[in-house]
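Student: Sequences listed follow chains A and B, in order. For the first sequence, counting from 1, position 29 maps to 1514 in the numbering used here; every step adds exactly one. For the second sequence, counting from 1, position 75 maps to 86 in the numbering used here; every step adds exactly one.
It is worth saying that the hints were derived from the structure and are not from the lab. Treat the hints with caution; some may be incorrect.
[What the hints assert, rightly or not] Derived SDA-like pairs: lysine to any residue, alpha-carbon spacing no greater than 25 Å straight-line: (1) LYS1531(A) / ALA80(B); (2) LYS101(B) / ALA1602(A); (3) LYS110(B) / ILE1497(A); (4) LYS25(B) / LEU1544(A); (5) LYS79(B) / ASP1517(A); (6) LYS1488(A) / ALA130(B); (7) LYS141(B) / VAL1490(A); (8) LYS79(B) / LEU65(B); (9) LYS79(B) / ASN1487(A); (10) LYS79(B) / ALA1529(A); (11) LYS25(B) / ALA1601(A); (12) LYS140(B) / MET1655(A); (13) LYS1633(A) / MET1655(A); (14) LYS1531(A) / ASP1517(A); (15) LYS25(B) / THR1556(A); (16) LYS1547(A) / ALA1636(A); (17) LYS1488(A) / PRO124(B); (18) LYS140(B) / ASN1487(A); (19) LYS1531(A) / ALA1602(A); (20) LYS110(B) / PHE1506(A); (21) LYS1531(A) / ARG1545(A); (22) LYS1523(A) / GLU100(B); (23) LYS112(B) / GLY1507(A); (24) LYS1523(A) / LEU96(B); (25) LYS1523(A) / ALA127(B); (26) LYS1523(A) / LYS25(B); (27) LYS1488(A) / LEU133(B); (28) LYS1633(A) / LEU96(B); (29) LYS1633(A) / ALA30(B); (30) LYS1523(A) / PHE1506(A); (31) LYS79(B) / LEU1544(A); (32) LYS1656(A) / VAL1569(A); (33) LYS1523(A) / LYS112(B); (34) LYS79(B) / GLY1640(A); (35) LYS1523(A) / ALA30(B); (36) LYS101(B) / THR1489(A); (37) LYS25(B) / GLU1589(A); (38) LYS1531(A) / ASP28(B); (39) LYS1591(A) / LYS140(B).
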Amino acid sequence: MNKTVLIIGVVIVAVIVFVLFGGLGKDPQHIDSPLIGKPAPPFALKAVGTGETIDLESLRGKPVIVNFWATWCVPCYEEHPTLVANARNLPNVQFVGVVFNDTEDKILRFLAERGAAYPTLIDANGKTAIAYGVGGVPETYFINPAGKIVAKFEGPLSTELLEENLAKAMK
Amino acid sequence: MIATLFLLAFMQIKVPDAAQFVGAPQGTPLTGPQLERRTMEISSELRCPVCQGLAIGDSPSIMAANMKAQVRELLERGYTEAQILSYFEKSYGQFVLLKPKFQGVNALVWILPILALAAGFLLVVTKAKKLEIAPVKAAIPEEEPVDDPYLARVREMVDKP
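Only chain B is shown next, with the shape it has when bound in the complex (with noise of 0.2 Å):
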């Protein structure tokens, strides 16, 4: 552990920091099983760019565990999760939030589930209420005349007293 931290420090002089992009941290800083439930949460709202629709936490590609080491280490450093989200929002764009911001076309993906709830919920209630006002149809039809005289016959005979 200590020669690999040595060797990263040896090896990167200076690196791109959260800072430079979305400031001091505005939160706690998180350590134990706090860190690890956290880091958890924050990675399942990453989407891994390699992958298929998949989370940074569920990927096994290599850039996904960077993004995880990566959001480990803001929550330690106090980071919030609005600020974790923002700074890798600001490098991939909102392509990496798998929870699409209710901004501008991506709020359609919001509303349009809710119109259409609220459309289907109107048809039947609609529907339901026309059918209350209609008459209800009998379900036996009315007798016609028939020519089948064993039809007839059998009638007579049932309605003889």
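Extracted from the complex, chain A is given alone in its bound form (with noise of 0.2 Å):
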């Protein structure tokens, strides 16, 4: 066989080899969020139960984390019980919760079974969810007291990943 045909051979089955393994082991689900590091997108929504309207500019000056979730999303249900601790333990931090395409009553059933401990806010629409970028729920966006978003989680969080990810909104 040609020698050079041999060489770029191998260099093209390096490369490819090279880019695949470089994908191994990632979530391919996961995106990259490019509002790190930016203003968190505003929005003011009624809360579920309370009828209060909770506006984002208001909670500036302490971190905020903003949990999506929906009652149809079977890893909010584990998580729940995590966010609604961390809420109790932390009164510095806002937690809120955004819900997306469900009815105020199943999350109002969901919270009075769960427990709730921040107010939970409907985006009907699914606007504010796009504005943040969210892929699937539950999704969460930590932002610190200038109102920048400083982390994105995707999945269910456990204590130890809220305060890894909200040590960043501390700073």
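Could you use the hints to bring the two separately framed chains together as a complex?
Tutor: Listed below in structure tokens is the structure:
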């Protein structure tokens, strides 16, 4: 076989193997958020149950954890106790739940059965979720006191993961 | 419909708006069949974030339906295709674009196939030229002395006038 052709073939295969190996172990659903380090998209939504309007702008000055979830999301059931417990233990951190494509009665039933320690807001047509680049639920955004997104977490949070990400918002 | 709009207005005081990300609309507001056609066209360029390589126009997921509804709404308001794609890109990154931009490492996606095609073409041309230059060898092998007496006899008979 022609030596040059062989070398070109080996180089092409090496590049392909390198690229494929680079993707191994990565979650294909993971999306690197371009919003990290940027101001959190503003929203003001009504809280289920109380009808109170929560405006993100009004929460400036303390770290905010915005958790996107839904009652039809199975991992959200697993995550909920962690969020409630941490919200009770961290009074200086504002937790906010944002629910999309769900109904108020289902959300109220969910919260009545599993506990509630922070406002849950309805994002009726998913516009807030889209502006945050939410790919699926649960997904959590950590916002620092200046109103900038400092971390994003996809999937159910554990206390360790919550603390790890919250530390970035405390700086 | 009116009840739904009322409920939306009641539940959502303020939601993030495209204007905050990409400015005021720079195109013409669309309606009717043109709106539907452009919604489908732009929806075929945006990746559904919860699916495996599906466009939002082809996905049955709730998230894709929400994104498609937003594309439709932005077209109705007069946003251009570039503005709409940019709006989604600002939230999801280039991941959301099914047609990668000619930029950075992504440029390789466009360049490599052209390079591979050019290399293949060059290889074929080079080989073809070599074939033209090289003399065509006789298809029938030159006669070699044969020891077989039977074959020698047959040849002798054939050659006899």
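Student: Taking the hints in turn, state whether each one holds.
Tutor: These are the hints, each one checked on the structure:
{"no.": "1", "hint": "LYS1531(A) / ALA80(B)", "verdict": "holds (22 Å)"}
{"no.": "2", "hint": "LYS101(B) / ALA1602(A)", "verdict": "violated (32 Å)"}
{"no.": "3", "hint": "LYS110(B) / ILE1497(A)", "verdict": "holds (24 Å)"}
{"no.": "4", "hint": "LYS25(B) / LEU1544(A)", "verdict": "holds (15 Å)"}
{"no.": "5", "hint": "LYS79(B) / ASP1517(A)", "verdict": "holds (22 Å)"}
{"no.": "6", "hint": "LYS1488(A) / ALA130(B)", "verdict": "holds (16 Å)"}
{"no.": "7", "hint": "LYS141(B) / VAL1490(A)", "verdict": "holds (16 Å)"}
{"no.": "8", "hint": "LYS79(B) / LEU65(B)", "verdict": "holds (13 Å)"}
{"no.": "9", "hint": "LYS79(B) / ASN1487(A)", "verdict": "violated (53 Å)"}
{"no.": "10", "hint": "LYS79(B) / ALA1529(A)", "verdict": "holds (23 Å)"}
{"no.": "11", "hint": "LYS25(B) / ALA1601(A)", "verdict": "holds (24 Å)"}
{"no.": "12", "hint": "LYS140(B) / MET1655(A)", "verdict": "violated (70 Å)"}
{"no.": "13", "hint": "LYS1633(A) / MET1655(A)", "verdict": "holds (11 Å)"}
{"no.": "14", "hint": "LYS1531(A) / ASP1517(A)", "verdict": "violated (29 Å)"}
{"no.": "15", "hint": "LYS25(B) / THR1556(A)", "verdict": "holds (23 Å)"}
{"no.": "16", "hint": "LYS1547(A) / ALA1636(A)", "verdict": "holds (15 Å)"}
{"no.": "17", "hint": "LYS1488(A) / PRO124(B)", "verdict": "holds (23 Å)"}
{"no.": "18", "hint": "LYS140(B) / ASN1487(A)", "verdict": "holds (16 Å)"}
{"no.": "19", "hint": "LYS1531(A) / ALA1602(A)", "verdict": "holds (16 Å)"}
{"no.": "20", "hint": "LYS110(B) / PHE1506(A)", "verdict": "holds (23 Å)"}
{"no.": "21", "hint": "LYS1531(A) / ARG1545(A)", "verdict": "holds (18 Å)"}
{"no.": "22", "hint": "LYS1523(A) / GLU100(B)", "verdict": "holds (14 Å)"}
{"no.": "23", "hint": "LYS112(B) / GLY1507(A)", "verdict": "holds (21 Å)"}
{"no.": "24", "hint": "LYS1523(A) / LEU96(B)", "verdict": "holds (19 Å)"}
{"no.": "25", "hint": "LYS1523(A) / ALA127(B)", "verdict": "violated (40 Å)"}
{"no.": "26", "hint": "LYS1523(A) / LYS25(B)", "verdict": "holds (19 Å)"}
{"no.": "27", "hint": "LYS1488(A) / LEU133(B)", "verdict": "holds (17 Å)"}
{"no.": "28", "hint": "LYS1633(A) / LEU96(B)", "verdict": "holds (23 Å)"}
{"no.": "29", "hint": "LYS1633(A) / ALA30(B)", "verdict": "holds (19 Å)"}
{"no.": "30", "hint": "LYS1523(A) / PHE1506(A)", "verdict": "violated (31 Å)"}
{"no.": "31", "hint": "LYS79(B) / LEU1544(A)", "verdict": "violated (31 Å)"}
{"no.": "32", "hint": "LYS1656(A) / VAL1569(A)", "verdict": "holds (23 Å)"}
{"no.": "33", "hint": "LYS1523(A) / LYS112(B)", "verdict": "holds (22 Å)"}
{"no.": "34", "hint": "LYS79(B) / GLY1640(A)", "verdict": "holds (24 Å)"}
{"no.": "35", "hint": "LYS1523(A) / ALA30(B)", "verdict": "holds (16 Å)"}
{"no.": "36", "hint": "LYS101(B) / THR1489(A)", "verdict": "violated (45 Å)"}
{"no.": "37", "hint": "LYS25(B) / GLU1589(A)", "verdict": "holds (18 Å)"}
{"no.": "38", "hint": "LYS1531(A) / ASP28(B)", "verdict": "holds (17 Å)"}
{"no.": "39", "hint": "LYS1591(A) / LYS140(B)", "verdict": "violated (75 Å)"}
Hints 2, 9, 12, 14, 25, 30, 31, 36 and 39, counting from the list given before, are not met by this structure.
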